[in-house]
Structure formats: C-alpha cells, structure tokens
Amino acid sequence: MKYAFFAGCLIPAREPQYENSVQKIAPKLGIELVAMKGVNCCAPFSIQSLDHTSWLALAARNLCLAEKMRLNIVTLCNDCYESLLMANTILKENKETRDEVNNILVDVDLEFKGKIDVKIFSDVLYEDVGLEKVKNAIKRPFNGLRIAVQPGCHLSKPKRLHFGQRMGVLALDELVEATGATSIPYERKEACCGGPLRGINDEVALRVAKQKLDSMKAAGADSIVTVCPFCYLELDMGQIEIKRHVKEEYDLPVLSFAELLRIAMGMNLEDWEIKTHRIPITKILNIVEAK
Amino acid sequence: MHEVANTPRGRGVLACIQCGRCTSSCPVARVTEEHNPRKLMEMIILGLRSDVLSERLPWYCLSCFTCLDRCPQGGDVGEVMFAIRNLTVREGKIPEGVLIQAKSLFENGRVVTASRMALIQREKYGLNEEPSVDVEAVRQILKKTRFDKLISKGK
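Chains as they are written, first to last, in the numbering used here: chain A, 16 to 306; chain B, 10 to 164.
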C-alpha cells in the first residue's frame with residue numbers, strides 16, 4: 016500500500032512526535048508513505064474565509080502533484096483532509112469550476128484531471144490495512160484505560176462528503192478499542208474543540224473547549240485521544256489555560272491516536288516526545304510499563 | 010440576499026426557513042449570545058448589508074459544519090458564513106489573526122511555520138526536514154487570483 020504523504024504544516028511544525036509515530040507504525044502495517052515534494056499549504060478554513068478561488072487553486076495544486084505521482088493522498092490533519100477532499104469533490108463534479116481553476120494552474124504547468132482520492136490516515140488503517148491486522152500488531156494492550164475519543168469535526172462532517180462510508184468516527188473508535196482501551200461515550204463527543212477560533216477570539220474558543228472537557232470528565236474519562244492536531248493542541252494547552260483562568264483542573268492527558276497505537280504496538284516514545292505533552296502522560300505509560 | 014446567494018458558497022441562504030436548528034446545534038451559540046446563526050441568516054435575508062458585513066459577526070463561526078448536517082432545508086449555514094466572510098474581506102475587514110496567516114501563506118507557502126526550536130528538535134531526533142514547499146508557485150497562483158491585493162487592504 017503506497018500513498019502520497021501530505022504531512023500538512025501544523026504537525027511537522029508543532030507536533031513532530033505525532034508525525035514520528037505515524038512514520039514508526041506505517042511500515043509495520045505495510046503502508047509506504049511517499050513524501051510529497053514542493054507542496055503548499057492545504058489552504059485551511061482561514062484562507063477559505065478570505066477568498067474562495069485562491070483556496071481552490073492552492074488545494075488543486077496539491078491534488079495535481081499527487082496525480083503526477085499516480086498515488087492517492089493520505090493526510091494526518093483533519094483540516095488538510097477537509098480542504099483537499101472538498102476541493103477534490105468540487106473539482107471532479109463541476110466542470111465550470113474545474114476550467115476556472117485549470118486556467119489559473121496553467122501558469123504553474125499543472126492541470127487538474129481528477130484521478131486520485133483523498134484519505135485520512137485513520138481511514139487508511141481501518142479500510143485499507145484492516146482492523147484485524149491492526150489488532151494482531153498490538154503487543155501491549157491498554158486494558159482498562161477509559162478514553163474520550165476526540166474525532167475532530169472534519170473527520171466526518173459535513174456528512175455529504177462522507178456519504179456511504181463506514182469510516183470516520185466509527186473507524187476511529189474501533190481502532191482505539193483495538194488497543195484494548197475503551198472508547199467511552201460522552202455528550203459533547205461530536206462537538207468542536209473551539210480551536211478554529213484561536214487567534215480570532217481566544218476567550219470564546221476556551222469556553223467551547225471547556226464544555227468539551229467538562230463533558231469528558233463527567234463521563235469518567237482517563238485520557239483523550241485525537242486525530243486532529245488542532246484538537247490536540249487546543250485540549251492539551253487549553254487545560255493549562257483553563258486552570259490558570261478559572262482554577263479548574265481536569266488532568267486528562269492528550270495523545271494522538273498514532274502515539275497510542277505506537278505504544279500499544281510495543282514501541283516506546285522517546286523522552287523528548289513525552290516532554291512535548293503539557294499534561295503529563297505518565298499515568299498512561301504506567302499502564303503498559305507495568306506489563 | 011442575492012449578493013450573498015450569488016457567491017460560490019452562499020446559495021444556501023435562499024433555502025432558509027428560519028427554524029433555528031442551526032443555532033440550537035451551534036457550539037459557539039451555546040457559550041455566547043453574540044453568535045446566532047439563525048439571526049445572521051435573517052439579517053442576510055432582510056438585506057441588512059452593513060450589519061452583516063461587520064468586523065466581528067461573520068467570524069464567530071468555527072466551520073464545524075454541525076449546522077450543515079442538521080439543517081432540514083439544505084440551507085448550508087456554515088457555507089453561507091464563508092460567503093459573507095469573503096464579502097467582508099473584500100471591504101478590507103480582516104481579523105488580525107487571519108491576516109497573519111494570510112501573510113505567512115504568501116511569504117512561506119504555508120500558514121504555520123516551524124519555530125527554530127522545532128527545527129532543531131527535528132534535526133536532533135532524526136526526523137526528516139520539514140516537508141518542502143514551492144513558495145514561488147504559491148505566489149504565482151495568489152497573484153493571479155489577486156489574493157495579494159486582497160490582503161493588502163487588511164488593516
């Protein structure tokens with residue numbers, strides 16, 4: 016299984032431990048990730064908010080580069096996923112828009128043809144690798160760990176982009192449970208973490224995050240597992256900020272699902288990777304180290 | 010209303026029946042009264058142009074798309090928010106946090122760049138270099154879409 020690997024910007028820049036974990040588990044599960052060279056920003060929501068056509072053209076350029084590699088794109092970040100998937104869908108379906116965008120891409124010697132698909136890493140594990148193979152790779156199960164899964168909005172919303180797929184949130188739950196942990200239900204599971212409002216309205220962003228954390232705590236979670244790097248930052252850093260502002264403590268360590276799988280598959284995190292977590296993850300590591 | 014409906018993401022406003030399901034499912038409306046998607050749709054329908062295209066109102070939306078999935082009319086409220094933000098931006102109103110990202114996109118080809126610390130970390134721990142970016146191609150595209158002119162209007 017070979018994919019054009021679109022790492023995005025936030026994960027390489029702020030969460031190298033997430034990317035490193037993906038690079039560690041991929042080969043063990045028979046996935047080959049070919050780095051995409053000379054890509055550009057996926058053009059997330061902030062850029063889409065500024066100008067529709069600029070977004071489509073930038074996203075299309077990335078799609079064209081993968082078309083040249085003749086590989087489907089795999090992303091890690093929910094925002095890259097949404098941006099590329101939505102652009103790919105619009106450009107495949109709408110000839111008028113496709114012509115308009117190709118007219119821009121001509122300047123950089125590219126043409127959108129609509130030959131590839133866009134996937135997110137969790138769906139690749141679930142659909143292409145298969146749950147059985149993931150289960151077989153687990154060496155140190157997290158029995159008894161109660162995880163609040165934070166899928167992130169754009170893993171499965173809007174539903175029209177994901178129609179007919181039994182993936183997204185369900186796939187993530189099953190992947191997390193493949194490690195022996197329990198994915199607990201909680202009220203605000205499908206709600207946003209508030210992250211997109213960072214830099215625009217920090218105070219409201221934090222209030223949204225707090226609702227989420229309250230609901231996780233009420234459901235008796237031990238820790239949080241995310242796909243989205245924005246949720247990851249928001250919920251990890253957000254707990255520190257909430258503690259500072261309203262003196263409320265949650266003590267919910269945040270892991271990306273790739274880190275969770277990596278540990279469960281028997282590969283330790285390095286010291287520097289453990290230290291990147293603002294809420295200490297020792298209590299999670301103790302579960303497997305006791306074995 | 011038609012100014013919004015005629016943009017690529019704004020058509021949904023024509024379908025709105027003001028039921029309010031968007032507001033009741035909105036995570037931001039739960040925590041602040043300043044954001045009310047149903048009311049914002051109403052203001053668009055009524056043609057209250059300068060109130061809608063204000064500095065703050067269009068920017069409360071998280072684009073989480075919960076409203077898109079729940080709207081019984083296919084009114085695409087979250088998409089309409091993109092339409093009105095695009096229109097607001099053309100009048101030079103861009104929140105500072107977004108403008109920083111836009112400038113970074115034009116300078117570096119991406120909105121978030123690695124800090125020096127992260128680069129040192131990556132090298133020290135044997136990760137590949139940060140994924141390469143073709144900044145020239147990005148600038149060429151953004152000049153053609155006049156994105157550079159657009160953001161230069163921002164304060």
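To be clear, the hints were calculated from the coordinates, so they are not data collected in a lab.
Predicted model only: the values in this text are computed from it and were never measured.
A virtual CB, placed ideally from N, CA and C, is assigned to each residue, including glycine.
The reader is advised that the hints may include incorrect statements.
[To be verified] The list that follows gives simulated cross-link-like pairs (lysine-lysine, BS3-like), each with its CA atoms no further than 27 Å apart:
1. K133(B) to K174(A)
2. K52(A) to K133(B)
3. K83(A) to K153(B)
4. K153(B) to K107(A)
5. K107(A) to K150(A)
[Said to hold, decoys possible] Stretches of chain A that chain B covers, calculated by requiring three or more beta carbons in the stretch to come under 8 Å of a beta carbon on chain B:
6. 52-62
7. 69-82
Now for the hints, and whether the structure bears them out:
no. : hint               : result
1   : K133(B) to K174(A) : violated (42 Å)
2   : K52(A) to K133(B)  : holds (22 Å)
3   : K83(A) to K153(B)  : holds (23 Å)
4   : K153(B) to K107(A) : holds (22 Å)
5   : K107(A) to K150(A) : violated (36 Å)
6   : 52-62              : holds (count 10)
7   : 69-82              : holds (count 4)
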